[in-house]
Amino acid sequence: MEKPLKIAIYSGEIPSTTFIERLIKGIADSGSEVLLFGAVKKKINYQPRVKVVAYKHSQMSKFWHLLKFTTLLVLFKPAEKKRLDSYLKHQKRNDLYTKVKCYPVLWYQPNVFHVQWAKGIDDWMWVQDFNIKLVLSLRGAHINYSPIANSKLAAMYRKNFPKVDGFHAVSRAIGLEAEKYAAPKENIHVVYSGLPIVKDLRTPKKENTVFKIISVGRSHWKKGYTYALDACKLLKDSGLDFHYTIVGGATDIEFAYQINDLDLSNQVTLLDRLPYNKVQYLIMNSDSLLLPSVEEGIANVVLEAMALGTLVVSTACGGMAEVVIPKQTGFLVPVRDAQAMAQALKEVSELTGEPYQNITQQARAFIGTHHNEEQMVKGMQELYESLN
Amino acid sequence: MRKKKQHIQRIGLVLSAVPGYSETFFRNKIAGLQAQGFEVVLFVTDQSGSIPDAFGCTVISAASFKGSFWRVLIISVWTLIKAFLFTPIRSYKHVKLDVADNFTLKQSLKRLIQNAFLFSQNVTWLHFGFGMLAVGRENVAAAIAAQMAVSFRGFDLYLSPLKHPNCYKLLFKKEVRYHVLSNEMKQDLVSEGVLESAIYVITPAIDVSFFKSNTNQLTRELQSKIQLITVARLHWIKGLEYTLQAMAELKKADISFHYTIIGTGEERERLMFAAYQLDVLDQVSFAGRLEPVAVREQLKVSDIYIQYSIQEGFGNAVLEAQALGVLCVVSDADGLQENVLHEKTGWVVPKRQPKFLAAQIKELIKLTPQEKELIRGRAVTRVQRNFNLDKQQDEFVAFYEV
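One line per chain: the protein sequences are A and B, in this order. Each residue of the first sequence is one higher than the last, beginning at 1 in the numbering used here. Each residue of the second sequence is one higher than the last, beginning at 1001 in the numbering used here.
Only chain A is shown next, with the shape it has when bound in the complex (with noise of 0.2 Å):
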């Protein structure tokens, strides 16, 4: 029987976010042995497959963590630790808390190295020179804008991305996007989010009152919820009786002063980050789930939406186009455009009963063929194993 792979999934955390937890536990459930480096941020007990080599934000945990590390290496890797040594030199990166990060995943060989975060690249292309594959995934902000206003990091991905073993891109757009940053594109894999689909779950229109519309998500640029702002005044002046809730957008001055400068504090209310299952209440609860973002890779809220049957209104940023198909899996407007944002959600509020059943079981129907947990697991070991 072939010995499972070792793979080493890294954001620098731990625990990840959402999507790249259910990937860690996918990946151990299938077989594979998966190795967490990184910072705690909080203890998880995870199966058995999962060995977690993490030091706390402590001083002293980094220290003992270093310490160990070396001893280690220095007592059974000599040749190894002098190798990689010389290169953090050559690179002027000799500063110890580079070693607390490096030398566990030099003492673990893991098979495939995984980074979830484009920026942080550059750290672990030594991972290469002691026979470990290295795969990054391609996110949003990471490969979509951040580049563009920095041409250091545009430098760094253009001399970085040719050399790594496999990409595994979120969405085929933000695969394009990587392109740019000459990643080759025959180590492009493009293995699309998963999550797992409640069964039998039944999507009529809701009953509410007036038309509620819902977008979730931290209060960033990026999210584009001054568009949807401007589209609420549109809405307010058309009369339409509306509720717009932003959660994650609490604390923003910018929202807040918008709100009271088009005069909808009657008609939007910003919400606090609330717990996971008190979103997915409020998503079921409303009408649209809009998502004004001017970047995505593809926003897994809209994913989540349309697994729980609330008729998504989408920009067509990033991948969304790949999963919100116009009028059958949801409504799609272009980036920066209120108007028609305005537009798109108005129609929504017009649709009866069975017309807004059709697309709302669609849009969950396409989620579980092509969002599913098991193909995202499946892919992914496909594109590791391709790899050794």
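Rather than coming from a laboratory, the hints here were simulated on the basis of the structure. There's no promise every hint is true.
[What the hints assert, rightly or not] Below are the DSS-like pairs computed for lysine-lysine, each with C-alpha atoms no more than 25 Å apart in a straight line: (1) B:Lys1106 - B:Lys1173; (2) A:Lys222 - B:Lys1252; (3) A:Lys222 - B:Lys1186; (4) A:Lys119 - A:Lys6; (5) B:Lys1096 - B:Lys1110; (6) B:Lys1251 - A:Lys222; (7) B:Lys1344 - B:Lys1300; (8) B:Lys1355 - A:Lys222; (9) B:Lys1186 - B:Lys1391; (10) B:Lys1355 - A:Lys346; (11) A:Lys82 - A:Lys41; (12) A:Lys41 - A:Lys119; (13) B:Lys1344 - B:Lys1362; (14) B:Lys1066 - B:Lys1163; (15) B:Lys1355 - B:Lys1344; (16) B:Lys1163 - A:Lys233; (17) A:Lys6 - A:Lys199; (18) A:Lys81 - A:Lys92; (19) B:Lys1366 - B:Lys1251; (20) A:Lys119 - A:Lys163; (21) B:Lys1391 - B:Lys1344; (22) B:Lys1355 - A:Lys236; (23) A:Lys81 - A:Lys51; (24) B:Lys1355 - A:Lys233.
[Stated by the list, open to error] Here are some chain B residues pointing at chain A (derived, C-beta under 8 Å): (25) Leu1159; (26) Leu1162; (27) Arg1268; (28) Arg1352.
Backbone N, C-alpha and C fix where the C-beta goes; we use that ideal spot for every residue, glycine too.
Guided by the hints, dock chain B onto chain A, whose structure is given.
Same frame as chain A, but now just chain B:
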């Protein structure tokens, strides 16, 4: 020749930090008051470490209450002891006034600790440079037997209350003389219940000899590639994302242009991505922060100045552009519509409407040279006459004397 004041008044100006080189408003104000025979004492609330040389002012800085629990405790106790030891009457009065305003004794002592640094000087006026600096310090002027003045600058009047609801409730009950930048701000203060007679509109002003246009600038035709410019922090209140949308509209209309944004800020990435996504990155330059002379030279070679802000107290850069004979298109945010008179000295467009902005720019491009010259000429004359530093200084002198 302008007359100097006969009797020396001491003005205690409260700011968060000593004004930096680019903060011309306060630097000009301090220099102007000194030139008129006032003595200025600068109180700074949030600047620890070495204080830079500040225009011959006495500078008093607040203690820093940052750090470990024990450090804060020791500094607080020491500040309290010093306050009662060296300024006992003022400290007692401050606590008494706070208690009368329904603060608990504990709250009053806390406020005393924070404000004790303002007790050491005798001043005629205690003038808070921003509205938020007066919050929590509403009784200081009365405690030190000074008159109280507060300047509102836009951000503090319109945005701070959204972040801190009712933050000015107590302040608006006090006897305060207010300085605002525009009539619009004055009306907004009146609607908050402030007496109209207590509010003085003193607009920003510029050095009109430094920003001086020549005849060529007034009569020139637009360049074949139209040069548009904005001088602003890269911050959402400046409406630059909407401006870039308008630039995309101009590009769609096949207008040959280049747009330069002078300024730095936290939203560079947001704006660069917007320019990229709107496909105008090649038509837009982010020039970063420039020194005043370089700003002036950039303005001189520009055809149209845009200030499409979402919120703007008044807009000094718009005055500078007008003084140099650059055609100005601005939003109707707050004081901007007083800064530029629509279709007289420039154009005012409703905010958050990039298509309207683009339409206005297209329209002005079509104007005859004579029509453009007329607008430029009016703008230059109005700025020179109404927004010069001498006039502003006189208004501040009157503000303290009335």
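Against the structure, the hints:
1. As the CA atoms of lysine 1106 (chain B) and lysine 1173 (chain B) are separated by approximately 22 Å, the hinted pair is consistent with the 25 Å bound.
2. For the proposed pair lysine 222 (chain A) and lysine 1252 (chain B), the alpha carbon gap of about 24 Å is at most 25 Å, so the pair holds.
3. A C-alpha spacing of about 36 Å is found between lysine 222 (chain A) and lysine 1186 (chain B), which places the hinted pair above 25 Å, so the restraint is violated.
4. Between lysine 119 (chain A) and lysine 6 (chain A) the CA atoms are separated by roughly 24 Å; this keeps the pair inside 25 Å, and the hint holds.
5. Between lysine 1096 (chain B) and lysine 1110 (chain B) the CA atoms are separated by roughly 13 Å; this keeps the pair inside 25 Å, and the hint holds.
6. Taking the CA atoms of lysine 1251 (chain B) and lysine 222 (chain A), the gap is about 23 Å. The hint holds against a cut of 25 Å.
7. Simply put, lysine 1344 (chain B) and lysine 1300 (chain B) have alpha-carbon atoms about 21 Å apart, close enough for the 25 Å limit, and the pair holds.
8. With a CA separation close to 22 Å, the supplied pair lysine 1355 (chain B) and lysine 222 (chain A) stays within the 25 Å bound.
9. For the proposed pair lysine 1186 (chain B) and lysine 1391 (chain B), the alpha carbon gap of about 19 Å is at most 25 Å, so the pair holds.
10. At most 25 Å may separate the alpha-carbon atoms for a hinted pair to count; lysine 1355 (chain B) and lysine 346 (chain A) meet this at roughly 22 Å.
11. For the hint pairing lysine 82 (chain A) with lysine 41 (chain A), the CA-to-CA distance comes to about 31 Å; that exceeds 25 Å, so the pair is violated.
12. With a CA separation close to 20 Å, the supplied pair lysine 41 (chain A) and lysine 119 (chain A) stays within the 25 Å bound.
13. Straight-line distance between C-alpha atoms of lysine 1344 (chain B) and lysine 1362 (chain B) comes to about 17 Å, which keeps the hinted pair within the 25 Å bound.
14. A hinted pair counts as satisfied when its Cα atoms are at most 25 Å apart, and lysine 1066 (chain B) with lysine 1163 (chain B) qualifies at roughly 22 Å.
15. For a cut-off of 25 Å, the pair hint linking lysine 1355 (chain B) to lysine 1344 (chain B) stands: about 22 Å separates their Cα positions.
16. Distance check on the hinted pair: lysine 1163 (chain B) and lysine 233 (chain A) sit about 22 Å apart at the alpha-carbon level, within 25 Å; holds.
17. A distance of roughly 33 Å separates the Cα atoms of lysine 6 (chain A) and lysine 199 (chain A); the hinted pair therefore is violated under the 25 Å criterion.
18. Distance check on the hinted pair: lysine 81 (chain A) and lysine 92 (chain A) sit about 16 Å apart at the alpha-carbon level, within 25 Å; holds.
19. Restraint check for lysine 1366 (chain B) and lysine 1251 (chain B): the C-alpha separation of about 16 Å stays at or below 25 Å, so the hint holds.
20. With a CA separation close to 15 Å, the supplied pair lysine 119 (chain A) and lysine 163 (chain A) stays within the 25 Å bound.
21. Proximity of lysine 1391 (chain B) to lysine 1344 (chain B) is assessed by CA-CA distance (about 22 Å); at most 25 Å being required, the pair is judged to hold.
22. Of the pairs offered as hints, the one joining lysine 1355 (chain B) and lysine 236 (chain A) holds, with about 20 Å between alpha carbons and a cut-off of 25 Å not exceeded.
23. About 22 Å separates the Cα atoms of lysine 81 (chain A) and lysine 51 (chain A), which keeps this hinted pair within 25 Å; it holds.
24. For the hint pairing lysine 1355 (chain B) with lysine 233 (chain A), the CA-to-CA distance comes to about 16 Å; that is within 25 Å, so the pair holds.
25. Residue-level restraint check for leucine 1159 (chain B) holds (minimum Cβ-Cβ distance to chain A is 6 Å; threshold 8 Å).
26. Interface restraint check: leucine 1162 (chain B) against chain A, minimum CB-CB distance 4 Å, threshold 8 Å, status holds.
27. Interface hint at arginine 1268 (chain B): satisfied, since its Cβ lies 6 Å from the closest Cβ of chain A, which is below the 8 Å cut-off.
28. Annotation: interface hint on arginine 1352 (chain B) holds; nearest CB of chain A at approximately 6 Å, less than 8 Å.
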